Structures are given as structure tokens and as C-alpha cells.
Amino acid sequence: MSGNVRIVTDSTATLEKTTIDKYGIEVVPLKVLFGEEVFNEGVDIGSGDFYSRISRGEIPTTSHPGEDEFIDVYKKSLGSGSSILSIHTPSKLSGTVDAARAARKKFSNEAIEIIDSRTIGLGMLVIPAAEAASKGKSLKQVNDFVQNLNNAIYTVGALNTLEYLKRGGRIGTARALLGGMLRIKPILSFEEGEVKILGKARTTKRAIRSMIDLVSRNMKSGESIHAVIVYTSDNGPAISLRDEIDRNFKCDNLELSQIGPVLGTHIGPGFFGLGFYESRYLKGLSK
Amino acid sequence: MSRVQTKKRKKEDILTIGGKELGEMFDAARLWLDKNAADIDAINVFPVPDGDCGKNMLLTISSAIENIDENKKKTASSVMEKIAQGALMGARGNSGFLLSQFLEGMHSSTADKDSIGVDDMAEAISEGAKKARAALSEPKEGTILTVADGAAKGAKKAIKGGAESLPVLMEYIVHEAEKSLNRTPMLLTQLKEAGVVDAGGEGLLVIFTGMKGYLEGKVRPRRIRPVSKREYEAITRAGRAEMSDTYCTQLMIDKPVISANEIRKRLLKEGSSVIVAESDSKLRIHIHTDYPDKIADYAREWGNVKQFRSENMKEQLKYSIYPEGTKGKNIAVIAIAQGKGMHKLFRKLGAIATVSGGQTMNPSVRELREAVEAVPQKKVILLTNNKNVILTASRIGDLTDKELAVLSTKTMPQGISALVAFNTNEDIEQNKSYMQEVADSVITIQVTSAVRDTRVQNIPVKEGQLIALRDDEELLAAGRDIKRVVLDALSKIELNNIEIITVYYGSSTDKKEAGRLLESIKGKYPEKDYELVDGHQPHYSYLISLE
Numbered sequence: 690m691s692g693n694v695r696i697v698t699d700s701t702a703t704l705e706k707t708t709i710d711k712y713g714i715e716v717v718p719l720k721v722l723f724g725e726e727v728f729n730e731g732v733d734i735g736s737g738d739f740y741s742r743i744s745r746g747e748i749p750t751t752s753h754p755g756e757d758e759f760i761d762v763y764k765k766s767l768g769s770g771s772s773i774l775s776i777h778t779p780s781k782l783s784g785t786v787d788a789a790r791a792a793r794k795k796f797s798n799e800a801i802e803i804i805d806s807r808t809i810g811l812g813m814l815v816i817p818a819a820e821a822a823s824k825g826k827s828l829k830q831v832n833d834f835v836q837n838l839n840n841a842i843y844t845v846g847a848l849n850t851l852e853y854l855k856r857g858g859r860i861g862t863a864r865a866l867l868g869g870m871l872r873i874k875p876i877l878s879f880e881e882g883e884v885k886i887l888g889k890a891r892t893t894k895r896a897i898r899s900m901i902d903l904v905s906r907n908m909k910s911g912e913s914i915h916a917v918i919v920y921t922s923d924n925g926p927a928i929s930l931r932d933e934i935d936r937n938f939k940c941d942n943l944e945l946s947q948i949g950p951v952l953g954t955h956i957g958p959g960f961f962g963l964g965f966y967e968s969r970y971l972k973g974l975s976k
Numbered sequence: 035m036s037r038v039q040t041k042k043r044k045k046e047d048i049l050t051i052g053g054k055e056l057g058e059m060f061d062a063a064r065l066w067l068d069k070n071a072a073d074i075d076a077i078n079v080f081p082v083p084d085g086d087c088g089k090n091m092l093l094t095i096s097s098a099i100e101n102i103d104e105n106k107k108k109t110a111s112s113v114m115e116k117i118a119q120g121a122l123m124g125a126r127g128n129s130g131f132l133l134s135q136f137l138e139g140m141h142s143s144t145a146d147k148d149s150i151g152v153d154d155m156a157e158a159i160s161e162g163a164k165k166a167r168a169a170l171s172e173p174k175e176g177t178i179l180t181v182a183d184g185a186a187k188g189a190k191k192a193i194k195g196g197a198e199s200l201p202v203l204m205e206y207i208v209h210e211a212e213k214s215l216n217r218t219p220m221l222l223t224q225l226k227e228a229g230v231v232d233a234g235g236e237g238l239l240v241i242f243t244g245m246k247g248y249l250e251g252k253v254r255p256r257r258i259r260p261v262s263k264r265e266y267e268a269i270t271r272a273g274r275a276e277m278s279d280t281y282c283t284q285l286m287i288d289k290p291v292i293s294a295n296e297i298r299k300r301l302l303k304e305g306s307s308v309i310v311a312e313s314d315s316k317l318r319i320h321i322h323t324d325y326p327d328k329i330a331d332y333a334r335e336w337g338n339v340k341q342f343r344s345e346n347m348k349e350q351l352k353y354s355i356y357p358e359g360t361k362g363k364n365i366a367v368i369a370i371a372q373g374k375g376m377h378k379l380f381r382k383l384g385a386i387a388t389v390s391g392g393q394t395m396n397p398s399v400r401e402l403r404e405a406v407e408a409v410p411q412k413k414v415i416l417l418t419n420n421k422n423v424i425l426t427a428s429r430i431g432d433l434t435d436k437e438l439a440v441l442s443t444k445t446m447p448q449g450i451s452a453l454v455a456f457n458t459n460e461d462i463e464q465n466k467s468y469m470q471e472v473a474d475s476v477i478t479i480q481v482t483s484a485v486r487d488t489r490v491q492n493i494p495v496k497e498g499q500l501i502a503l504r505d506d507e508e509l510l511a512a513g514r515d516i517k518r519v520v521l522d523a524l525s526k527i528e529l530n531n532i533e534i535i536t537v538y539y540g541s542s543t544d545k546k547e548a549g550r551l552l553e554s555i556k557g558k559y560p561e562k563d564y565e566l567v568d569g570h571q572p573h574y575s576y577l578i579s580l581e
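Each protein sequence line maps, in turn, to chains A and B.
Per the numbering used here: the first sequence = residues 690 to 976.
Per the numbering used here: the second sequence = residues 35 to 581.
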């Protein structure tokens, strides 16, 4: 099957509706639960509402889509003659990828590829993927291109507290203690989709400085970059970070994006950071 | 070598001295310093209880004397070597350190001498002055260095004037040193404002006077510049708060004549960590006290004293090592800290060891070196956390094979922020520069009570008044009301770029009072982040860091 690749992703990508419509992207929602209340992310709970509820001390939980939901989505796309590239939130943070993989097994052909992303800025992969698909690239071409981007992505951020990662079992208790003291912000990266603590800072200023440092060190060519600044509840530090990134690097793309309720549940309020790759990795697109 | 008679001596008698006399001469200097140490402490200009200049010099020279080998056959050079070595290892505080450098200069100039004559001594004093000056990258006038130079000038004058005996030489030296000391207020504004001479300089003059006294056969030391009774008392008071419960005293009483309970009650008035254990007809007693002699006297009334042991805890190892290992580049961070809350905080933040010390009890070179040697890591970062520790700490690098980086953090909050910036994945050089940068960006407000009436930067300060200082240098505010003093101090600092205000309250401060103070600061600056920490530090009722 050539051409006509359908991009499937999940709600943690927090895509704009216009983007979804433009490329015909299928978005499988994850769920956020406040006690008995169940919300579909991006459908019936928005970020503003979500963060104000956790700031009031409510403790949410999340659930990823089941195998069945993926089977339905895949069936629909395959039925219309498309092949599928399914791009999802890191498997270290969510079971979404596992559900997608299980669903794929129900289909005998090779027309579904699944990408376990390495970043919390999923849009950085999904939009270029959709763009490539819209240019009539084959599934293999789009898949190779996105895999390359995925390997080139580097994501860093500063947490206000490790409490949320700890609560979700995504980091050990000993390390979580550190975050609770003296307003220390752990600086972390998502490498191979896994949370790694790289350093710590007490002030936003120093956290930004550490992140700038980490971006420099992880740039191979020193050329221009494509970056997305992400944040959970508070965009103030994110804006400062964006300005500093803009001042220190040549940016072809620099946007601000609020992290949705599901990832917000795991990393907590006050988080800000960025995902970036060097722009040269996007060149595969025009070939 | 001409023998020295302790009593009947004429000035012109003593032409040379050997090792034994040299040791005795410095011991006499030590006695003189002992007599004058509290007066020297009292004129330490800053109105905070860091009046420890005399104490530091005394501890330094005591360490020098203790290092002299009793039994060996003594040449002058061998004794001088021991003195220099002992002084360096025991050096505390800036003036103690500079004294050790002075003695080191004297040692290197007399390195091959069996005995020391007039020319040798004159040369040694000049070399001492040079060595002390060379130890500082930016030597300041109006300090101990000025007095050392005065002594060197006196030595030169004496030689020119044909002085033929050591007592005559010392007379020149003392005379010129004193002239220089009296000039120090003209050279340093802070001294002039406070109406005092430099304390370190005075300490050095006392040492010269003691040396002269020994050579002249005047064995009884006297106070050369007694300060007012009130100042003297204020300073001893401040010193005592720190010295509390120094001796770990343990004894056993056989067949006590009063009950264990009665004894416990009595002991509680004399110190802390009181344990009275009864077994058979014996009592085991343990107490931390400043007055072991008093305990011994009591004990004799209570029954048969079987064993009595009293150890100076300050002389014991003053560092604790925490077993948690470091990962990454395997670098140990050692912090000098004061107050149990501060020790705990440094430890929690990842310090491998903490050394007790800081204000009024600067750790010695020896203590710091021991701590550096004791940690298992080969690479060590040392956080000084007090400006009077920086100089002594800077010497440790020469005394250890370990790779050592000394961070000149001037206050504990600076050290804490530096420690937060420590990254186990980076090497020692990178850590050093980043941690130092972070430390330097932290402003510390120190709140304490003035121990003496004085003027600082033209603000009159009364004894007992609360004062707020910025980074141990600038007086920001003074007054009686804590809230007003702190808010006044904060209003004098540019706070626009400040994100976090951390209030560390001291051992003498009530937690509720600290909470109330925090609320008033918050009320004034609601947009900042706040943290309240029980630092339990002595001397400073509050340390407030702005970053």
C-alpha cells in the first residue's frame, strides 16, 4: 500500500482542533478520573479546569485507552484503505502504547506501525508525521522519518515537586524526598522515555540556566532548532524559558504548549520545560 | 649558646638563645596572649559576636607550643619548625592563620640555626612579616599585617642603631609594632568608627610583648589595653553561649550518700545530657558541662569517687561522616556548619560530612584536614560557610593528596544554595565554578544582637540591640523590634530579581515568633516564594537568604 498514511495519536498530544481536521488525525482519548467522575481528555475536560481542580487539592488518576478502542480506530482507517502510523505518549509514563500494540496483533497485515515516543511534547512528532503523510509518503518513509525525529528529540524540564511522579510510581521514594525540601526543583530529562534526574535548582532563573546548558550540550551541529516549550499549570516560567531559548539559539520554530490533564497528573503543577530537535532532522520531509 | 637565667638578668646579657629558650619565649608569649585574649576579642570591631580574634590567636599559638617535642635535644631551628608546624595545624580564623604564616616565615629564615642571635631574630621577624603579607592576595592596611610590618621596621632600626642583645632588639620591635598598631584606626575606617585599634594587630603586639617580657625576666603577664568592664562582660557572655557544655564528664561513685534522683536534679543545673545510672551500690554519672571541676567537688560530697574522666569535646573530632555514598563522579561535599538544624539540612542535601564551626569557633586547619582525609572519596568540595574560615580552608589543599576544591561561601545559606547546585554527574572543576557562582548570587541577611555599643557606617548601635547585616559586611538596620528591623533591612535591598526568601531561625528563636515574622514579610512581599527552616544556629536569631 502506498500513500494515504493515516496518523493516529492520543489525547496527550493536545493538538489544536484545526490541526486535527486539517490532517485528518485520529486522536484516541485517555481518561482522567476525579473520584467517580470520569473525563475524556481533550473532550470533556480542559486544562484550565483540570489544573484549578488539582490546585484545590483534588487528586486525579488516569487511565489509558483499552485495546478495543484502538481496534475500532485501526479498523476504521484500514477499512478506508489507509495504512496507519500510531504515535503515542512514552510507554514509561503510560500503558497507551501497550494497548496499541495489543490491538495491532489483531490485524494480520503490516499496515500499522507504532511509535513509542521519547517525549512529552508529542505534537513535535505528530505534526511533522501528518505533514509527511499529506505529501503522499509511504508508511515506511513516514515511519523512518518519525523514528529519526523521535531519536533526535531531547526533552528537559524542571519540576516543582516530585510528589506526582512518586504518586504514579514513576520515580523512587528516596529521590522524591529531595523535591520536597526547600522548594528545590529537580531538573529532569526524558531519555528513552524514562525520567532521569540531572540536577536541581532552587530558583526558576537557575533552572532555566541549567536547561539552556543542557540544550547546548545536546546539540550536535550547533545549527537551528525546532523547539516546543511545555508547561503544566503556570505559563510564567515557560515564557521566561522561551525568551531565553530564543536569545541563546537559532530557532526555526518556537512555540508554547500547555500539557494536558493526563500527563499533568503524572508530573504535577508548576512543571515547565522544553522538547527540541535540530531542524536538520526535518529535512527528510522535503525529500 | 649563652644560658638564660630566669631571674637576675640584664638586658645586655642575652645575645643568643637556643631551642629550649625559644620554646620558653613563645610559651611566655602564649601566657601573655591568654591574659589579653578577652580584651582582644572585645575590640573585634564588628558588633556581632564574632569577637573571637584573641581566642583564635591563642588557640593557634597554643597548638604551636603543644607541638614542641619535650624530650628531644633541641636546636633553635628544630623548635621553630615545630612551632611553625603546630601553629599551622592549629590555625583558626584569619588572624590565627596570619599568625601561623608569620611563624612560618620566622622558621624558614632560621632553618639552619642551632641558636638565634640578634641578627637572626631581626631577620626572622622581617621574614615573618613578609610571609604573612604574601599569604593574602589583597593585603589590607590597618590590620595585623601593618603591625607585623611595624615589627620588621623596628628590627631594622635596632640593627642600624647597633642593638647588641635580644632584649634591646625586642624593645625596638615592640615599640615600632605599637606605633603601627596605634595607626591602624587611621588606615581602616571601620576601626575609626568603632574607636578601636585592630584586634589581630593587638594580638601580635601582645605576642611580641610577651617575648620581650621573657627575655627581660618579667614572667607575669599583664593586660596591656584593658577594655571597659561592660564590654568585657558582654564579650565573655557571647563567648560563653558558644562554649556551653564543652566537657564530656563521666564518673563513678561508690556507696553514694544521697539518692540518684537528688544527684540528677543537682546535675541538671550544671549542664546537659545528664545520665545517672544506678547499679549495685554504684552510680554511673555522665554529663556535658563547662565546669568539670565543680562536678568533681560535688561528687566528693556524694560518696567515693571511683573514676573520673573529663574530655574536652571541642578537642575531639568535630565532624560527622554520613554513610550514604555519592554516585556519579564520586565527589564528597563537606560543609562547615553551626546549629543542629543546619547540620541536618546540609546532610539531607547530600553533604557527606559536616564539620562543626563557624562564628566564634572557627575550625582549625587540623580539623578541616582531618575531615577531608576521613571521607572515603578522593575528591572533595569544602563549603566554608563563614568568611573567617575561608583563609584557613585555603591551606588544606597543600596538606592533602586529595583533589580539593574550597568554595568560599561566606554564610551558611550561601553554602546551602551551592550544595543544591552540586551535581554528581559533573567533575569537580565544573561543580566548583557553578556552585561558587550560585553561592555568590545569594544575599544573606544576618540578624543578631550587638555585643557592644558602637557605630557602624555611621549608624549608632547599642549593646543588646537587634542588628541586621548584609553578607556579614553591611549594616542594614538596627532596633529593638524584630519585625521592624527585618522589614527595614529588606527595604534596603533590591528585591526585583529575588524569587525565594528563606528564613532560618536560630536556637534562641521561638518557632511561633519565626512564623509571625514570616507572615509579616509575606504581607509586604506577597509575590515571593517562602520557606521557613529550623536552622537552630547559634548567634543569629535569623538568617534570611534571598535568591
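By construction, these hints were calculated from the structure, which means they are not laboratory data.
Bear in mind that the values here come from a model prediction, so they are computed numbers and not experimental data.
For every residue, glycine included, the Cβ atom is placed at its ideal position computed from N, Cα and C.
Do not take every clue at face value.
[Said to hold, decoys possible] Among chain B residues calculated to face chain A with C-beta under 10 Å, some are: (1) Tyr332; (2) Val454; (3) Ile462; (4) Glu463; (5) Lys466; (6) Ser467; (7) Tyr468; (8) Val472; (9) Asp474; (10) Ser475; (11) Ile477; (12) Ile527.
[Said to hold, decoys possible] Just so you have them, the derived chain A footprint on chain B, three or more residues with Cβ under 8 Å: (13) 531-545; (14) 563-569.
Hint check:
{"no.": "1", "hint": "Tyr332", "in the structure": "violated, 45 Å"}
{"no.": "2", "hint": "Val454", "in the structure": "holds, 5 Å"}
{"no.": "3", "hint": "Ile462", "in the structure": "violated, 16 Å"}
{"no.": "4", "hint": "Glu463", "in the structure": "violated, 15 Å"}
{"no.": "5", "hint": "Lys466", "in the structure": "violated, 15 Å"}
{"no.": "6", "hint": "Ser467", "in the structure": "violated, 12 Å"}
{"no.": "7", "hint": "Tyr468", "in the structure": "holds, 9 Å"}
{"no.": "8", "hint": "Val472", "in the structure": "holds, 7 Å"}
{"no.": "9", "hint": "Asp474", "in the structure": "violated, 12 Å"}
{"no.": "10", "hint": "Ser475", "in the structure": "holds, 8 Å"}
{"no.": "11", "hint": "Ile477", "in the structure": "violated, 12 Å"}
{"no.": "12", "hint": "Ile527", "in the structure": "violated, 16 Å"}
{"no.": "13", "hint": "531-545", "in the structure": "holds (count 4)"}
{"no.": "14", "hint": "563-569", "in the structure": "holds (count 3)"}
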